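Student: In case you want the letters, here they are:
2 protein chains.
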Amino acid sequence: MSDNLTLSIDAMGGDNAPDMVVEGVDTALERLTGVSFLLFGDEARLNPLLDRFPRARAVSQVRHTSDVVTNDAKPAHALRQGRASSMRLAINAVADGEAAGIVSAGNTGALMAMAKFVLKTLPGIDRPAIATYFPTRRGESVMLDLGANVECDAENLIQFAVMGEVFARNVLGLENPSVGILNVGQEDLKGNQAVKLASQGLMNAALPLHFHGFVEGDDIGAGTVDVIVTDGFTGNVALKTAEGTAKLFGHFLREALTSTFTAKIGALLAKRALMTFKMRIDPRRYNGAMLVGLNGICVKSHGGTDGVGFANAIHVAVDLISNNFNESIKEDYEKFRASSDPDALKDNSEPTDTNTPDGSGAVANG
Amino acid sequence: MSDNLTLSIDAMGGDNAPDMVVEGVDTALERLTGVSFLLFGDEARLNPLLDRFPRARAVSQVRHTSDVVTNDAKPAHALRQGRASSMRLAINAVADGEAAGIVSAGNTGALMAMAKFVLKTLPGIDRPAIATYFPTRRGESVMLDLGANVECDAENLIQFAVMGEVFARNVLGLENPSVGILNVGQEDLKGNQAVKLASQGLMNAALPLHFHGFVEGDDIGAGTVDVIVTDGFTGNVALKTAEGTAKLFGHFLREALTSTFTAKIGALLAKRALMTFKMRIDPRRYNGAMLVGLNGICVKSHGGTDGVGFANAIHVAVDLISNNFNESIKEDYEKFRASSDPDALKDNSEPTDTNTPDGSGAVANG
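Top line first, the protein sequences correspond to chains A and B. Counting in my numbering, the first sequence runs without a single skipped number right up to 366 at its last residue. Counting in my numbering, the second sequence runs without a single skipped number right up to 366 at its last residue.
Zero decoy hints are in this set.
Straight line, CA to CA, 27 Å or less: simulated DSS-like cross-link-like pairs of lysine-lysine: (1) A:K264 with B:K247; (2) A:K247 with B:K264; (3) B:K196 with A:K196; (4) A:K196 with B:K74; (5) B:K278 with A:K278; (6) B:K278 with A:K247; (7) B:K247 with B:K271; (8) B:K247 with A:K247; (9) B:K196 with A:K74; (10) B:K247 with A:K278; (11) B:K271 with A:K264.
Residues of chain B placed beyond 10 Å of chain A at every Cβ, according to the derived structure: (12) D19; (13) R55; (14) T65; (15) L122; (16) H212; (17) N323; (18) N324; (19) D332; (20) K335.
Which residues of chain A face chain B? A few of them, derived with a C-beta cut under 10 Å, are: (21) N183; (22) V184; (23) L189; (24) G235; (25) K240; (26) A242; (27) T260; (28) A273; (29) I281.
If you are wondering where the hints come from, they were derived from the structure by calculation, not from laboratory data. Small disclaimer: the values here were computed from a predicted structure and weren't measured. The beta carbon of each residue, even a glycine, is placed where N, CA and C say it ideally should be.
Assemble the whole structure, with the sequences as input and the hints as a guide.
Tutor: Rendered as structure tokens:
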């Protein structure tokens, strides 16, 4: 990847900052040329670190601030009180045109609130969403929203669909990515009003978007679709449930492979294969949640990550910038609006009791 | 387990019915005494099967009907047209006092609709829920609702909490089970109105129920609480996401362990340990979703299960009956109502924009 671009870095965000941030910048440079960095944070801590990483030092500029947004800060508080924080100044650099995008491993709520306030949303996009990509049986998929919006209407879900499709096409490099809406069943009559209307809207749109229809929780790992659209409540629970299940599975596997002498020998012989397996599900490889729908590229690294993970978040930001992610969203969303009837998304139905025996509320688990 | 009780069986429900049903009855009898069965279904198919399983034959009575609820039948249609179906007649037997409970591997939506219509709900319970238990790092937990109610208010969630707690105590045998509400963060201000009000209601109740507070998706596998309470939309997605992740993980592991000659030898040596691991996460062990809140015991077996899985669903039904599950729910829910202020659960707040920078809508993923 070779580009002449500048990234703005919140050098103080994250559990292991600023050490892992500088390390991450250095690691990212193994695969990047033409990228320079503005590091916002405490120069007394950053300068000695940069001395240890001359490759990072050569393309970085430190912008000093001693103010930091803490992990437990409420977003509204951070927005009011954190005007001189490393996170806020790093976002400002994007708004001012000094940087093409920003990466932070800090407080997600504060980052979203500040980025929305400073950068604003893209034309036509009401609410930004948090998106990430993850391994599936068929490759990689992207899911959004992962928690920015606890409640979503059909219009929000459609905007997420358009943004997710652009991401899959431009960043994952998929040619005609399929899009599914997460639901409790695949039939049209299943689910709440928002998913039903969003599904109808996407089916009726003349947009060249490959809409698969509804998908269920087990379709996430199966890779049934390339883009999974959902509200922030469900998406957040689904993502964390998947993480928790992977951890549980890993725990059971470790217990089994250390349970007897023969199992230990077997595990030793299969060590290289087990390492490959471990790498394949390494969360650091999938580090870098995108705050999509903002008028500027904003990538959130996992707060507990290390240098390797932070480097991956930097790569995600560079990919989004190089592929004109936001310009594509704007174009595609305009196409969608031009091709669809906005009134079709309004909920004109009578309120329904989802638990009536008409079964709209009863879903199979068998 | 030794009881004098009769179970009513929908012998035609499920992908592999009636074969796996009769096999399941026979397998269940390995660990049951004093239990007899009413098998509802096609006698021309059931009698030859029973001839092959004399142990099952000895304690079973066939009640002939040729009518069946299909897997794709809409619940409302099944309710109207399926009055002579094996599923409906099996439920009727519980209402008539002929059987103490019913097990079916058929269409979940139809089963819920019919059971609710025929058996009615327990006093004080507005909506039945689907509950199941599953393995965690600390043992076993129960989660509900898994899809009966797409939208739930605070009162519904509290009823689920009471029912889940009774289940964990009486069936899982836990002494003081902890209860958590699934949310997108652990802080009080996170989440939608229903989870916030339900949490307040459970905190303020004088019920001797160990309410932990909010939990997140990764707490499910970690076993942070014994009972996980959620609406049917989120619960269904979470359960299926966990299943899908486990499958994906198993797929990656199989690929790794067959990738090289050495890995294959290693896997061979660790075979016994890997089998134990596989058994530990065998979904058949956790087969048997309870339709809780009904005035009668109703267990739903997974539609695609085999005889081993169906036998486990029978054991779940026997456990629920032997432990007076429904009587305990009635008592505990009355205690809860007596100890709490019903008006406290009403949503009197102003509608809020969950996406405002006050952060109530923005959750951390890092």
